[in-house]
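A.B. asks: Modelling step: build the complete structure from the supplied sequences, incorporating the hints.
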Amino acid sequence: MHLAQLNVAHLIAPLDTPQLADFVAALEPINAIADAAPGFVWRLKGGDQPTDTVRHDYGDHLLVNFSVWESREALWNFVYRSPHLPVLRRRREWFQRVAEPYTVMWWVPEGHTPSLEEGMDRLDLLRSQGPTPEAFTFHDFHEPATPDVA
Amino acid sequence: MEIDERDGDDLDSVTALGDPVRRALYRFVVAQGRDVGREEAAAATGIGRTLAAFHLDKLVEAGLLEAGFRRLTDRTGPGSGRPAKVYRRAPGERTVSLPPRDYRTMALILAEVVERLGGEEQAEAAARRAGERMAADAPPETDLPAVLSAVLARRGYEPYEEDGRIRLRNCPFHVLSEDRPLLVCSMNLALCQGLLSALDAEETAMLDPRPGECCVVFT
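Protein chains in written order, with the UniProt record's numbering: chain A, 1 to 150; chain B, 1 to 219.
Derived by calculation from the structure, the hints in this document are not laboratory data.
A portion of the hints provided could be inaccurate.
[Claimed, not checked] Which chain B residues face chain A? A few, computed with CB under 10 Å, are given here:
1. Gly118
2. Phe173
3. Thr204
4. Met206
5. Leu207
6. Pro209
7. Pro211
8. Gly212
Backbone N, C-alpha and C fix where the C-beta goes; we use that ideal spot for every residue, glycine too.
C.D. replies: Below, the structure is given as structure tokens:
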């Protein structure tokens, strides 16, 4: 099984404003690090340009990060043990603080590319039920239900 | 007094370091941050290869090192010899506290509270002040990079130099940083920055994380 992660963030201003300039500047290098990271499988791209963000119908100012990884460790090392961490530290400069969960993980069969709708459903599930094997977080992590038969 | 089974195991591990030769070998292997062969460890500690092998294997038994087999030369195929036994630090922590203390559980709870209250900025400010106080530990020397390394070493960071920067081999807050990385690594950075400012050091501290090490570097 592979690990899918959806992350949604509420921008404090449109992407083309000076407040977001540093964030937009970080998109290309950080995406390149993700794409080259050990255990990276897939991410949803907004277009051919490295700075294109995902377009969707879930509201303005909602920034979507959606990716699939080989393991918890692979995703964890990218999020917290790569140059992504210093960028993540600055999240308050660019995104609103939200009380409800804004990131969710779940297991997908290898080769399956999850849809954004599927991801949003998982996020809703996490928000309504709390962490379960179907929708969880790094902190309340769940291993795949069936052993991975390689 | 009761010592439960787990503490007993940890106590056995720590007891293995009572022998000064063994302690020197442990320190040497750990400080390399990579696989170390018997020959190299023996040479570095000034003892014979057989004695080094004996003590290194004792350290593996005690759970402080782990062993593997690796070719130490680039040669492969017939004539390249058997892979050599190599040693590195074992993962996991050994703690012995008498009387029993459990600061970890409380720290994990407090870290959760900080996040729930959205108190990250205040936590970083407090960490910075703690870092400033750490400068009081500084040895009376004038060479600032050496002073900085000495304070960091005393705090368990295991500093080493790489490409003209000071990196830290060990994260003293490992369990916490796995649990709440964003909060804990930011606090650790603030702590290091507080230390620098109190030392009047020219270096700057920044996050340059990589797996298996503390994420703060000094440039």
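A.B. asks: Now look at each hint and say whether the structure bears it out.
C.D. replies: Structure-based check of each hint:
no.	hint	result
1	Gly118	6 Å, holds
2	Phe173	13 Å, violated
3	Thr204	13 Å, violated
4	Met206	7 Å, holds
5	Leu207	5 Å, holds
6	Pro209	4 Å, holds
7	Pro211	5 Å, holds
8	Gly212	8 Å, holds
The structure does not agree with the numbered hints 2, 3 stated previously, though it agrees with the rest.
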